Structure formats: structure tokens, C-alpha cells
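Peer 1: These are the residues of each chain, in order.
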Amino acid sequence: MELDVVELSRLQFAMTAMYHFLFVPLTLGLSILIAIMETVYVMTGRPIWRQMTKFWGTLFGINFVLGVATGITMEFQFGMNWSYYSHYVGDVFGAPLAIEGLMAFFLEATFVGLWFFGWDKLSKVAHMVVGWLVAIGSNFSALWILIANGWMQNPVGAEFNPMTMRMEMTSFFDVMFNEVAQAKFVHTVSAGYVTASVFVLGVSAWYLLKGRHIELARRSMTVASSFGLAAALSVVLLGDESGYSATHTQRMKLAAMEGMWHTEEAPASFTLVALPDQEARENHYAIKIPYAMGLIATRSLTKDIPGIEDLVAESEERIRSGLIAYDALMTIRQEREATSPEIMATFEEHGGDLGYALLLKRYAEDPRNATEAQIEQAANDTVPTVWPLFWAFRIMVGLGFAFIGVMAYFFVRSNFGSRTYPRWSLVAAVAIIPTPWIAAELGWFVAEYGRQPWTVDGVLPTALSVSNLSVTSILLTLAGFITFYTILFVIEMGLMLKYIRKGPVQDVEETEKWRVRHEHRLRTHDGRDPFANPAE
Amino acid sequence: MILYEMIDFDILRVIWWGLLGVLLIGFALTDGFDMGVGALLPFIARTDEERRLVINTVGPVWEGNQVWFILGGGAIFAAWPPLYAVSFSGFYLAMFLILAALILRPVAFKYRSKRDDPRWRYGWDWALFVGGAVPALIFGVAVGNVLQGVPFRLTEDLFSLYEGSFFGLLNPFALLAGAVSLSMLIAHGAAWVALKAEGPVVERARRFGTFAGLFAMAGYALAGLWLAFGIDGYVMTTQAAAGGHSNPLLTEVAREGSWLAAYAVRPWIIIAPAMGFAGMALAYLSLWRGGELSALLFSKLGITGVIASVGLTMFPFILPSSIDPRSSLTVWDSSSSHFTLFVMLVVTVIFMPLILLYTAWVYKVLWGKVTMDEITENKNAY
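Same order as they appear, the protein sequences are chains A and B.
Residue 348 in the UniProt record's numbering sits at position 348 of the first sequence; the count goes up by one each step and never skips.
Residue 280 in the UniProt record's numbering sits at position 280 of the second sequence; the count goes up by one each step and never skips.
Accuracy of the hints is not assured; some may be wrong.
Taking CB as the label site, the calculated pair distances span [to be verified]:
#1 A/S171 / B/P118: 51 to 61 Å
#2 A/G398 / B/I2: 17 to 27 Å
#3 B/G290 / A/A479: 46 to 56 Å
#4 A/K498 / B/R207: 49 to 59 Å
#5 B/G290 / A/V508: 38 to 48 Å
#6 A/E349 / B/I2: 40 to 50 Å
#7 B/R326 / A/M493: 46 to 56 Å
#8 B/R119 / A/F489: 44 to 54 Å
Below, a list of computed lysine-lysine pairs in the DSS-like style, where the Cα atoms sit at most 30 Å apart [as the list claims (entries may be wrong)]:
#9 A/K303 / A/K498
#10 B/K364 / A/K54
#11 A/K124 / B/K300
#12 A/K498 / B/K114
#13 A/K513 / A/K288
#14 A/K121 / B/K364
#15 B/K364 / A/K498
#16 A/K54 / A/K513
#17 A/K54 / B/K300
Listed next, the stretches of chain B that the computed footprint assigns to chain A, with coverage defined by at least 3 CB atoms under 8 Å from CB atoms of chain A [what the hints assert, rightly or not]:
#18 25-35
#19 79-91
#20 106-114
#21 198-211
#22 278-287
#23 317-323
#24 362-376
If you are wondering where the hints come from, they were derived from the structure by calculation, not from laboratory data.
Just so we're clear, the structure is a prediction, and the values are computed from it rather than from any experiment.
Note that the Cβ used here is the ideal one computed from N, Cα and C, for glycine as well.
Can you build the whole structure from these sequences, using the hints too?
Peer 2: Have a look at this one:
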């Protein structure tokens, strides 16, 4: 790979975004789990639940702050490294980012400080409400970010304005209710809930293995496995919904993920494993499940799913159509308001393919001068590299199904069993803590790498989206981010482990007061000796 | 959709120009004192207890305050995409420094008191200093450069070519503007500490704050003179079409005359610098004499005046170009589309009052001084 401005900018964006997403999923899920725990505390008055809320809250805080800090980079990096992208689509893409700030991030950030500092300043109920506001804020935040990202995958509700040389919004409704965005939103937050559930489950299992904080760990496991099971089911179902919407919105990505080189007769089979060969455009050693692909992607037995070769042929046609639009655009730019209606009509007709003509900019300063070979090359460029997508997707899906199994097991044990867990299951719960992060990062990889060579699918090629920067500048910031982020990661992990090892702080005074009341209540109810666990 | 045409495109542009100012001022008034407190920390607080006291005055609120910055970025992206595209890529390395500082700051707040090791805490205290002082300085440097014009040109495709360098940003006038910004926010932070803390740190904050404030006032006056006699202004030589397309290349701009010519055309804008001077003078006077709330409020007034004076003086320019004046971004030719501005205005009208309301409530809950006792007892404190 040649280290040019485009590749370096991609590398920096991928690195900072994936790093940011190490912290986001835990924030999304843990904020809700903590709010649930605090709600139980408010409803039952049992100090153990307050202890749990505070303990998981401490870990939440350590994680949350890095999510916020690394999110700052994301908000400004479009302008820094993707200047032409920012100009070209800012009219559409900027809006959800700004609304995220107005509607979600302000809420989340304003109340998170009060949540940590307000234990003695607010009533129990008010404090719980503040916790829920933090959770709602962070989840709404994800909604708007995914509306922005969904638009990059499926750019609806906008059209190109030749006078301003950019995409402009025509329907806010379409942008907001973009089917890709909505499916991605539920899929992503559910993945966050699974992440937090696996985290809480794993840490609790570690306590049970060590025989520490048994009461806290058991209750935490019950909450995490119940919530986690619902979330794990939702991730897979909504992942399927994403796949279904990709069938008609991002056909090339779908074909690449599935290694579908040729259009198969419906219903297509699903390739379980294979070694995709980009050069020969075929798979080696494929194991296929008949009908499955057709059912997943089209929900029918009769609809075709186009393969990569057909899509390349289609891209070539669209490049030719885009060239007509490009030619008209050049005239419009000269003549401005005086442009003849015929030229305007030509642009109207072919303007939707303008982005395809821009693919040629890599090869020719003026796309109209491109040779036949260059047009063919540009059409081939619309195929992302298949094998990483093919495998990343399969590992993610495999993990997704595994989470359902894990959560179901612990859900049944903790709700219907004796609340005891075999040692092997606890060891396994600790061991799988990193896996939801792997699944989430792979998911983002599939979504973003699968969209190449576009930043906005069919509208703006990645190669054109960058800023006019020197390689040295980007190398400098890339090195800076890597060093800085690595140090922060080490510090964060160190603190997380320190506070997990330290465990919850028991509020002795409050527990004692509660125990006295509780024993009194039990005695007055049935006269027997109270059975109460000191921690409750 | 016809609804959005109810508000004229150019009126929307002026509203969004105003909102851009509101966001920048909102950021300076709220996160400004956090940054000032960070920059003051190593100097006004000496022992670990004192430092914890100072940090905890902003502990519960810095996170919310910082959102003004994030929202500012988002709003520039949504309402002024060319400004977002040109300035952040042009000021690339400076932006990286700001990001690094602003990433360091939250982490420092949150992690500092999580270990007892004095070296650990000492290190994070300096991180807080950097996280406060560096952005405060660079924001001013950026404003200083914008007033002198920024070396960029737009191609016919509206691709931005920036021809300056990082060290080119550090010219004398820009450094003066940076010093004004830094000292003004230090004084603002000092006013906050005086209001929220107790004991010897308050005394030191008063001294540092008054000194920094006087420096800021002198610097602001000097910058005004410099602007009057040493820096050329910009004028639009062709009238922008009413409700015209957002394409900076459609209008002609010349570099001539003085920025201060604006005060002859729109005499009322003298209010802004007057408010800046008066606010600062009253703030530092009450800070020196022991006023608490009044110092902070006057400081807010002063900062509002100073920032507003820059915007009003430059109107309608947002980002003038020093090497190709025609590329300059103005209110009339570098906004988002009519429809997007309208949608964003609706969203802002709904959510901004809510934000102000709940932020005010949070400050009310946290009202009152942070005391030493509270810090030593409270497990939730930083």
C-alpha cells in the first residue's frame, strides 16, 4: 500500500474511530444497566442495589470519560482530514451531527456530572431520573450518529446542486427515517447492550470464582443476563434487518460480504466458508447452504441477488452516464443562470450518476478525457477487497449467535436455577469479556470497508474526499494519535483493573440501618427468626 | 416543501451567523472558566487538598460545559460547511494540538484522584494546565489569524488549497490575540474559583486573576489600535445576489481600507467593544475588592463584548482569504442551503431553551461553595 494522503487519512480515521468505539458500546449498555440497578434500589430500598449502582458507576465513569474525550476527535476530523467531503456533503451530513449535540450529548454530559456528584444533593428519585437521562442521552447520541453514518451508506433525501458544487438536503424526513440508519441504530445500541452485559457478567463471574462480593455478583449476573439475552436476540434480528435493507441499497457491499461473484439463480445459496479469490473472481473450497442467502437477503424464493460481475457491468454503465452529467455540469458552471434548458434537462437525467464519473478523477484530471481502459479500471474499482469482508462478517455473525447462547445459559441459571454456576461456566464468562468488542469492531469494519471506494455510496469517491494536506502533516498527527491513545489506553485499563480488584465499597452505616428495619419487618410478618443476608 | 421559504434565506443566514456567535460565546462563558481554572491550578493551589478543592469546583460541570465546543463544531459543519472544511483543514496542526489538549483534560479530571501516588497526581495537574491553557491560547491565535486573512484559495470545484504553515500562524498579531484570550479566560477562571472555593486559594486566585485581567484589557486595547492602523480590512466589491447560492467564488472581494470602517457604517456596533471594556474593568475591580458573584457576571459580560466585537467588526466576512480575496467566505455565500438552515433553526429553537433550562437547574443544585470538609468526606469527589 502506497502511503499517500488518501491512505493515511483513511488509516487515521479508521484508527481513531475504532479506538473511540472501544468505549462507546460499554457506555451505551452500562448506562442503562446502572439505571436499572438504581431503579431497583429506589423501588426496594435495599442498600445492596445502591452499592451495585455505585460500583458499576465507578467503572462506567472510567470508561465514559475516554468515550467523550475520543469523541471530540471524531467531531472535528471530518473538517481536518476530509475537507472536500465536508464541503461536498456538509449540508446534509452536518445536520445530524449538530442535532446530536443539541438533543443528546448536552443531556448526557450535563447530567453525568450531577449523577456522580449529586448523591447527597438530590432525592433518591431525582438521582435515579438523572441516571436515566444520562442513559437516554447516550443512546440518542448513537441515533444521530447512525443517521449521519446511514446517510453515507444510503444517501437519501438529497440532491446535487451544480451552482454550489455540493449535495443539498431535500428532505429531512428521508434522511432521518433512512431505513439503513434505523436498522443500524437498533443493531448498534443492541450490540452496546450485549457488550455491557458480557462485561458485567464476566466481572461478576470473576468475583464468584474468587468468592468475593457474592451478593453483588449474583444480582449483577441476573440483571446482566436478562438484559443481555434480550439484547443478543435484538442484535442478530436487527443485523438481519440491515442485511435485508442492504439487498436493495448497497448491493455491492452485500455481494462482497457474501463472496457472490456471479448472480445465482434464485433462491441463492449461502456460502458458509470459502477462500475468496479476487483475481479469478471465484471462491475456493466453498461450503454452501442451499436457499439460505436468498431467504435472508430477499425474504423470498424467487428474487435474484446480483453478483459482483453484474454489478461491475452496471457500474460501467453508470460511469458512462455520469460522464454525460459531468459534461453538462461543466457547461452549467460556465453559463450559470443562462444555461439552456436542454443542458439542464440532461443534467437532471444523468446527475444521479455524477459520482461515478468522479471515480475517473483518479486516472484523468478531466474525466471526459479518460480512455476505455481507464473506464473499465474505474468500474473494477467499485469492488471492495472481498476476503476481509467475507471473513470479518462471518466472525461477527458467529459471535452474535454465540452471545445468544451464553446469555440464555446464564439467564436460565440465574432466574430459574439455584443461582449457582459451575466453575467452568464462570471461567468461560471471564474469558469471553473481550469478544463483544471484537464483534463490534468487525461490524464497523464490514460497514465502512465494504462501502469503498466511496465515502458516500455512489456520490463521492473516497479518493476525492480528502484535504489538501502534506503527507508529513498527517504522519505527524497519526504518530501523535497512536502514541497518545496508546498511553491513555494503558492508563484506562490499569484503572479499570484496579477498581475491579478493589471491588465495591460497602456503606456499613446504611446497611446496618436497613438490616434493623428489615428484621423488624420480617418479625412482624410471620414471627419467625429473620433470614437476612448482611449485605442486603 | 414550501414551509421553509417563510423565512427569507438571507435572514436565516444572519440568524445563523448570530447563532454561531452565541455558541462561541456560550463556549467561552462556560468552558472558559474550566480552562481558566486548569491554567491557574498549579499556581494558585499548592497542596494536594488545595488542588482537589479547586478541581472540584468545576468537577461536576466541565463535562456539560465542554459540549458547547462539540456543538460549536457540529453547528459550523451543519450551517457553514465551507468554514468547517477550510478552517479545520487549514489550521490542521493547530487543531491537532487543541484536540490533544481537550482529550487530555477530561481524562485528567477523571483519573487524577483515582490513585494516591503524588507523582501520578502531579502529572495530571500539569495535564489540566495544558488542557486549559493550550486551547485558550490557540483559540485566540486563530481569531488573530482570521482578522488578518488566512492563506487559502478555492478551486472551481470548491476544493480548498491552503498555502500557509503552522508556524505562519504564530505571527505577532495572532500571538497578541492568543495572549488576550488566555489571560481573559484565566481571569474568568479566577472569578469562578473566588465564587466557588474558600481559603488561601481564593486569595491567590484574586491576585492572579486581577493581574491577568488587566493584562487582557491592555492587550485588547492594543489589538484594537493595531487593527486600526496596521491591518488591512476586506470589502465586498460586488453585491451578493439576494438569497444567492452558497458559492464564495460568485462574489468579488478586495482587500482595502480598515476593518474599523465598519464602525462608520454601523455605529451601533460600538456597543460590543464598550461592553468588553466595561465588563472587564468592573469584573477585575470587583475581583480585587472581594466581590464574588459580581466578578463572575461582569467577566461574562466582558467576554461577550470582546467576542461579539470581533464578529460585528468583520461582518459579513467569516473567513477572509489573504492570497485570493475572491475565495473569502462571507455570510452571504458560505452557508448551508436555505432548507438545511431552516430545519436546523427549528431544531435549535426547540432544544436550546431546554438545554439552558436543565443546565441552569444543574447549577442551582450545585449552588454554593465547595468546602474542604466536603472534599475530604465525599467519596464521589475528584
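Peer 1: Confirm or reject each hint.
Peer 2: Results for each hint:
1. In this structure the supplied range 51 to 61 Å holds for A/S171 paired with B/P118, their Cβ-Cβ distance being about 59 Å.
2. Under the hint 17 to 27 Å, the C-beta atoms of A/G398 and B/I2, about 52 Å apart, miss the expected range.
3. For B/G290 and A/A479, the hinted distance range of 46 to 56 Å is satisfied, since their beta carbons lie about 49 Å from each other.
4. For the pair A/K498 and B/R207, the beta carbons lie near 38 Å from each other, so the given range of 49 to 59 Å is not met.
5. Judged by the Cβ atoms, the range 38 to 48 Å given for B/G290 and A/V508 holds: they are separated by roughly 43 Å.
6. For the hinted restraint 40 to 50 Å between A/E349 and B/I2, the CB-CB distance of approximately 26 Å leaves it violated.
7. The hinted range of 46 to 56 Å is satisfied by B/R326 and A/M493, whose Cβ atoms lie roughly 52 Å apart.
8. Under the hint 44 to 54 Å, the C-beta atoms of B/R119 and A/F489, about 20 Å apart, miss the expected range.
9. Between A/K303 and A/K498 the CA atoms are separated by roughly 55 Å; this puts the pair beyond 30 Å, and the hint is violated.
10. Using a Cα cut-off of 30 Å, the hinted pair B/K364 and A/K54 holds, with the two alpha carbons roughly 24 Å apart.
11. Note on A/K124 and B/K300: the hinted pairing is violated, with a Cα-Cα distance of about 34 Å set against a maximum of 30 Å.
12. Distance hint between A/K498 and B/K114 is fulfilled; the C-alpha atoms sit about 9 Å from each other, no more than 30 Å.
13. Between the alpha carbons of A/K513 and A/K288 the distance comes to roughly 64 Å, so the proposed pair goes past 30 Å and is violated.
14. Taken as a hint, the A/K121 and B/K364 pair is honoured in the structure, with Cα atoms around 11 Å apart against an allowance of 30 Å.
15. The suggested pairing of B/K364 with A/K498 is violated, with an alpha-carbon distance near 34 Å, which exceeds 30 Å.
16. Restraint check for A/K54 and A/K513: the C-alpha separation of about 19 Å stays at or below 30 Å, so the hint holds.
17. Taken as a hint, the A/K54 and B/K300 pair is broken in the structure, with Cα atoms around 36 Å apart against an allowance of 30 Å.
18. Counting residues of the stretch 25-35 of chain B whose C-beta sits closer than 8 Å to any C-beta of chain A gives 0, which falls short of three, so the coverage hint is violated.
19. Under the rule that three or more residues need a Cβ within less than 8 Å of chain A, the assignment of the stretch 79-91 of chain B holds, with 9 such residues.
20. For the stretch 106-114 of chain B, the stated coverage by chain A holds: 6 residues have a C-beta nearer than 8 Å to a C-beta of that chain, and at least 3 were required.
21. Coverage of the stretch 198-211 of chain B by chain A is violated in this model, with 0 residues showing a Cβ closer than 8 Å to a Cβ of that chain against a need of three.
22. As drawn, the stretch 278-287 of chain B meets chain A at 0 residues by the rule of a beta-carbon pair under 8 Å; below three, the given contact is violated.
23. Requiring three or more residues with a Cβ within less than 8 Å of a Cβ of chain A, the coverage given for the stretch 317-323 of chain B is violated, as only 0 such residues are present.
24. Counting residues of the stretch 362-376 of chain B whose beta carbon lies closer than 8 Å to any beta carbon of chain A gives 3, which reaches the threshold of three, so the coverage claim holds.
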